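Number of protein chains: 2
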Amino acid sequence: MEELFAPESLLAFTRAIFQRMGYAYDAALLAAEVLLKADLRGIDSHGLARLPGYIRLWEAGRIRVDAHPQVVHETPSTALVDGHQGLGLLVAPFAMRIAMRKAQEVGSGWVAVKNSNHFGIAGYHAMMALEAEMIGIALTNASPLVAPTFSVERMLGTNPIAVAIPAGDEPPVVIDMATAAAANGKLEILQRKGLEAPEGWIQDAMGRSTSNPFALQEGGALLPLGSRVETSSHKGYCLAALVDLLSGVLPGAGFGPWVPPFVHFLPLPQDAPEGAMGIGHFFGALRVDAFRPTDAFKQHMDRWIRRFRAARPIDSQQPVKIPGDPEREAEMQRQREGIPLHHRVVKALRELSDRFAVPFPEPLSLKHGE
Amino acid sequence: MEELFAPESLLAFTRAIFQRMGYAYDAALLAAEVLLKADLRGIDSHGLARLPGYIRLWEAGRIRVDAHPQVVHETPSTALVDGHQGLGLLVAPFAMRIAMRKAQEVGSGWVAVKNSNHFGIAGYHAMMALEAEMIGIALTNASPLVAPTFSVERMLGTNPIAVAIPAGDEPPVVIDMATAAAANGKLEILQRKGLEAPEGWIQDAMGRSTSNPFALQEGGALLPLGSRVETSSHKGYCLAALVDLLSGVLPGAGFGPWVPPFVHFLPLPQDAPEGAMGIGHFFGALRVDAFRPTDAFKQHMDRWIRRFRAARPIDSQQPVKIPGDPEREAEMQRQREGIPLHHRVVKALRELSDRFAVPFPEPLSLKHGE
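Top line first, the protein sequences correspond to chains L and U. Each step along the first sequence adds one to the number in the working numbering, with nothing skipped, and position 97 is 97. Each step along the second sequence adds one to the number in the working numbering, with nothing skipped, and position 338 is 338.
Calculated from the structure, these hints are not laboratory results.
Remember, identical chains collapse to one label, so a pair may be satisfied in a single copy or spanning two.
The calculated lysine to any residue pairs, modelled on SDA-like cross-linking and capped at a C-alpha distance of 20 Å, are:
id : residue 1 : residue 2
1  : Lys347    : Glu188
2  : Lys186    : Glu230
3  : Lys298    : Asp169
4  : Lys298    : Met277
5  : Lys321    : Arg309
6  : Lys298    : Pro257
7  : Lys298    : Asp271
Given the structure is predicted, the values throughout are model-derived calculations rather than measurements.
All chains should be modelled from the sequences, with the hints used to inform the complete structure.
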């Protein structure tokens, strides 16, 4: 069962919770906006469902409210940011702004971040670049859940790649994808519904393909994009490795199996390499007119989008989508009709409401199903 | 049947052929090196097997020997290069050098290229950055063979992503992957051997999965990485689209279904958008010490590589590989033992040898099989 809530009422609630943690109004509002953007865009696993998790990490001393992210090294087009264990939801926009400022100055900007925490949906940060007619890129590593090809061991996160590219009259192209065959959030949905997982998502503790959606809890692992050796799971492994190397190893953050877990009840990894701190991110901004006039580029973007939308479909009822279509459609619908929250999420948020004495908003209506 | 040839003898032959086309010694040698690197690294589909194709494109007026690639726009960290229909094997190293020079100056360099031709293996160009302690990136679009998710239409090339990352005592990590479930070269091998294609590589003209390795010639299409909707073929589609947008749309090259075919006998695409010229590439170079000291970075790279090599295997006979291992092993073996060429490739090269009066090298020995 789900309940529908007005986006602005959830934003105010979340902002107030972050204020209770000690953030000033503006910072609390930004963190709430980043988190809620996931719910708006239909990526329910990364939104308010995670607010209690952030609180627990803060209480465990793994997120520091008094931390201010800091540029510790830079060149005209690059920077290294130390997040000082701050909230990833705030560290990431700080770093992306630096990338955009550098792009304004010298054509492109690239910022690697160490010692951060979970930053919400990668797409939020990549899309920041759109307002400045830039191409935006956001990568992050994450707790290890994915096995490399030929291994039973969980060595890589679902390490997302997000890229936002502005268009003209058409909406921007926004790619925001985990490099696993399926993100963990999708498994959680199957678990709640009591459904089996499709072939190709997970393997069991012996490395055998399984449809058991609980296999991860029983020593199994998520599979890289490509799923099987014959269908090039090594490519998904390569992509997840690339994200880990750029966002983890390059800045000096945790990497591979040493990325700190998002949940407070798992211990920090043992034997982590010296000087590998926290979760790492990597951001890029490319000014379109650092290559060619923005108008000419946008005309071709619109042409690309229209041509792909018109690609001959297999089934006339299912036209070809443009990257970003599903999330944009979810956002339009949820802005209009409200954000559905699963009753377990509502229950957890009501507990936060009680503990922090922040009133929880009234639902718009009940939505049955799921 | 295959024959083995000494790499240096094939290099001299290929260099001499490029000289006969009109290239000066140095340019001819570089083009030959780039092309032969594919054979050395075991990517046989992109090496000397394609030399006759380049010749035919030159004869058809689609590759211009007198063209000199040119920077037509730049900022401190970016440039747009017009390849003027030159040989991609030469345009690409020219552009990558500019990216590296900019990285030397301002931390990173990003070069988009329009109006080029096929550039050999993407990995060659990405790996150029390694000599300068940089991370190298190379992307290119290519003739449309891949259908977007939900479509029967061939709209995208196998659009590769190559990234090379330096390490310390360990060999560098080198990713060089097509964004399709399987590249066309793999299908050609099955066709020669009369074998069926694995599930997940191709679809027929109706968009149904098929194991017919000739389905492409019968109106079918290659599938994006991910293969099926349930195993996230939309992510492979997103990656191929990303490569097309950065290397095609950003510079003003051909894009999507309008990328010129590599084969001379197919006509240039009709209704190509105005100002969308030739094949496009995108190159990047990131100086490691623009983020943090190279030594500290390399220590973590070595640690990453060793930890992943030691990841618990499913089968103790098949340890986990590091991206770039298979190609590096092929290169070591082929430098030592020679490069195997399929008898059809040898036949085509002997024809070039006759036509251009360039002696074809003697084989080292006969290798049976394939």
